[in-house]
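From first to last, the protein sequence lines stand for chains P, R and E. Letter by letter, the first sequence follows residues 1 to 346 of our numbering. Letter by letter, the second sequence follows residues 1 to 245 of our numbering. Letter by letter, the third sequence follows residues 1 to 298 of our numbering.
Honestly, the hints are just simulated from the structure, not real lab data. One thing to keep in mind: the hints can contain errors.
[Claimed, not checked] Keeping only pairs whose Cα atoms sit at most 27 Å apart, straight-line, the calculated DSS-like set for lysine-lysine is:
#, chain 1, residue 1, chain 2, residue 2
1, E, LYS142, R, LYS53
2, E, LYS151, R, LYS115
3, E, LYS260, E, LYS287
4, E, LYS240, P, LYS145
5, E, LYS251, E, LYS194
6, P, LYS145, P, LYS295
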Amino acid sequence: MKIVYSDALVIGGGLAGLRAGVVAQSSGLNCIVLSLVPVKRSHSAAAQGGMQASVGNAKMSQGDNEDLHFMDTVKGSDWGCDQEVARMFVNTAPKAIRELANWGVPWTRVRKGSHEIVLDTKKSTITESDEAHGLITSRDFGGTKKWRTCYTADATGHTMLFACANEAIKHDVDVRDRKEVLSLIHKDERCYGAVVRDLITGELEAYVAKGTCISTGGYGRLYKTTTNAVICEGTGQAAVLETGVATLGNMEAVQFHPTPIVPSGILLTEGCRGDGGVLRDIDGYRFMPDYEPEKKDLASRDVVSRRMMEHIRKGKGVPSPFGDHLWLDISILGIEHVSKNLRDVQ
Amino acid sequence: MSNNKTEGRALTFSILKYNPLNKDEKATFVEYQVTETIGMTVFIALNIIRETKDADLSFDFVCRAGICGSCGMVINGKPLLACRTLTADYPDGHIQLMPMPAFELIRDLSVNTGKWMDNMSQRVESWIHTNEEHDITALERPVDPDIADETFELDRCIECGLCVSSCATALMRPDFVGPAGLNRVARFQIDPHDNRTDADYYELIGDDDGIFGCMSLMACEDHCPKELPLQEKIAYLRRKLVGQR
Amino acid sequence: MPVRPAQHYSMGGIRTNKTGESQKLKGLFSCGEAACWDMHGFNRLGGNSVSEAVVSGMIVGRYFTDYCLSHDTNIDTSIIHDAITKQADYIDEILNRPEGEDIFEIKKRMQEIMDEKVGIFRNGDDLQSAVDELQELLTRSKKASVKSKIKSGNPELEEAYRVPKMLKLAICVAHGANQRTESRGAHYREDYLKRDDANWLKRTLTAWPDENATLPEVSYEEIDIMTMELPPAFRGYGAKGMTIEHEDSAKRQKEVDEIKKRLEKEGKDRFEIQDALMPYDLPLNYKDKNERIGVGHE
Ligand code: SF4
Ligand code: FES
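Assemble the whole structure, with the sequences as input and the hints as a guide.
In structure tokens:
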């Protein structure tokens, strides 16, 4: 029987797990990160649109701060979140952005001078100050007061994941891929590691550690149509549930994104709407303002998704062999903008 | 949906199967028939084969959207991302799949690109080298927006390995850092956060397993799904590093 | 481009406390989407997912590291052996099953049920029938056989041990949704259209103590309005007047307004006011103020 000892065991090698692994290893612990797939292939890479942090550099983000980010997050959660955790989060997010810049995430930067943008289907011009030139810029996303989403064109998750994975390599974190957790080893209300299966050889191994951290992502693959990668099967949550002791929270809280492509389920990033794209129905009519006069196409995801389904139920969907759908129209943004900032959308 | 017309036809997949862990087994092509559906990709077809015909067939997919770089394979002689390859693009309905060469074979179509890329990352020290301390509570250091964009362009590599498997040098020299490795060096070389000098890069890749191994055949760039300017960057690096000899 | 809403993100997950540690198992931490650390509640904002991933990696990663630095692995090797043996036996059992159910079929059916009955619009009848059928599938999944008997690789074997686990999670989702007779964030009940703060301002907790059961044990964790910085109100989007108020909401709002007013008068800054309303901790220098152009560290 193979038993591998370490100080710190991280299960799941996406952004969260790698970042946690870097802390552990750089604090002098010997840390092992296990992953179903090579870590740079994690589902974190699919988060194209961006990362929220109230850096407040760009014209449309000025005046932003932790308080606004906090309020947006709590309202977005429909008051279901832990407000202290939301506070912890918003205060650290700008630091995370800046740390990642130092780790090599090539954040898209503010360019001084005038630029054309699309606001509510109308072109308008904003002027960025000299002072902000070269600082990290942000774009608009659903459910936020200010433009707060920092990004690297259309591959934000990818660049963030690579930066964290590279940092893990630099710190000599022991990353082992093609490993799947089957169960947790626990006794008397304490966890001591996990039983793991090697997906190449099929061998079972015990990874024993002082502490175990699970960062295996979501459980989207419980559903047939999902934007999630094929590995998001909830293996981490299941291992925890099967301890019989530890609990899962709010499992019924599942988000539906408004704009996956029909039929593949591959996501069209929120950046499409953030940058000015709009939803249209079978008649080419822009229906969101009728439902949501204030935030229109950029209300929070749960609201937009429901309004879309409501509209389809009214018979305004476009029939297809894969069921009725709606259109996302980004023609107003122009070829140049799309081919640079929304390249994967093409 | 460009392939409405070919929907419903019978496709024949011929797939090279081999399990290196089973010493008695020989590599053989196995044929499978699949009925084409609208918008079918090789990803979809392979899953149908696994679910209905051969539960044992091994291949890798993660994102199924051309983002994660898991699914490189040789499709009718060309290295491609299987999740981005439409079956409708093969008019005669015959599709042959083989694992990518240059990488350790795990089983069937599954190869260990992850391991290869990790070695490459170690080799070119694929991380920001700096001894400056940045205070993360303070404003970030400004970066020229053009430089940031240029760094990003090269940072788009998804480590799929298509360039490596189509590179003659990589096939001959197992230690060659490959187009992806040279691109990685070019990426850090532009990044203002990285303080390494040309001499440092020469240390890493100033030999025939590095920048001087490239024979400029350009197959890498033709196959890169992210359309990275590999030739231009390799040529640029070579000009810079020749001066270090 | 043709689009239609589809599953995207899991707000729920491994329930932790503020340091990211499980409330029930010491030494078990969780961060990122896997966790229910709970900054997203019933709906996550776009751009907050990768943000949570990194930020929780920093914060929880730190608390996790502190735990590992201050604890030992004093565990009996026999427990480790038992844990491995149990899994090894389970895999052998699967491989030795006589020809039975097709695991791919079961998985497909589960995914269809979730799409059709536990999707964007939910109602009691559909949810109940989802729970029933998922339980049946769970029982059937334990009779799934695999064609290839080899232990290495073997994708069908992987499905055979994963799908029952997935079914348990699916049951937790459907069952939790069935119990929650209100609409909140992404959880939308056609038969209970209002957000019900009076009865449902609480987190669903699920545990699975009996491995042979087909339903989890459900309990609830209250969310206390009287400690909130931002008491429940209208979100600013979505339909109006769709809330069943909790009596504490107005009470707390009044309290918050008074504290704010008083401290503002005393010339306190926004950080001091925040601290008076709802104090919180962060490790390292993460609590420090962030600099911005034009305003400095304000
Ligand atoms: S350079 Fe292009 S082909 Fe090569 S690994 Fe990167 S993305 Fe793939
Ligand atoms: S599966 Fe991710 S690139 Fe093909």
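key: Non-conforming hints, listed in increasing numerical order   = none
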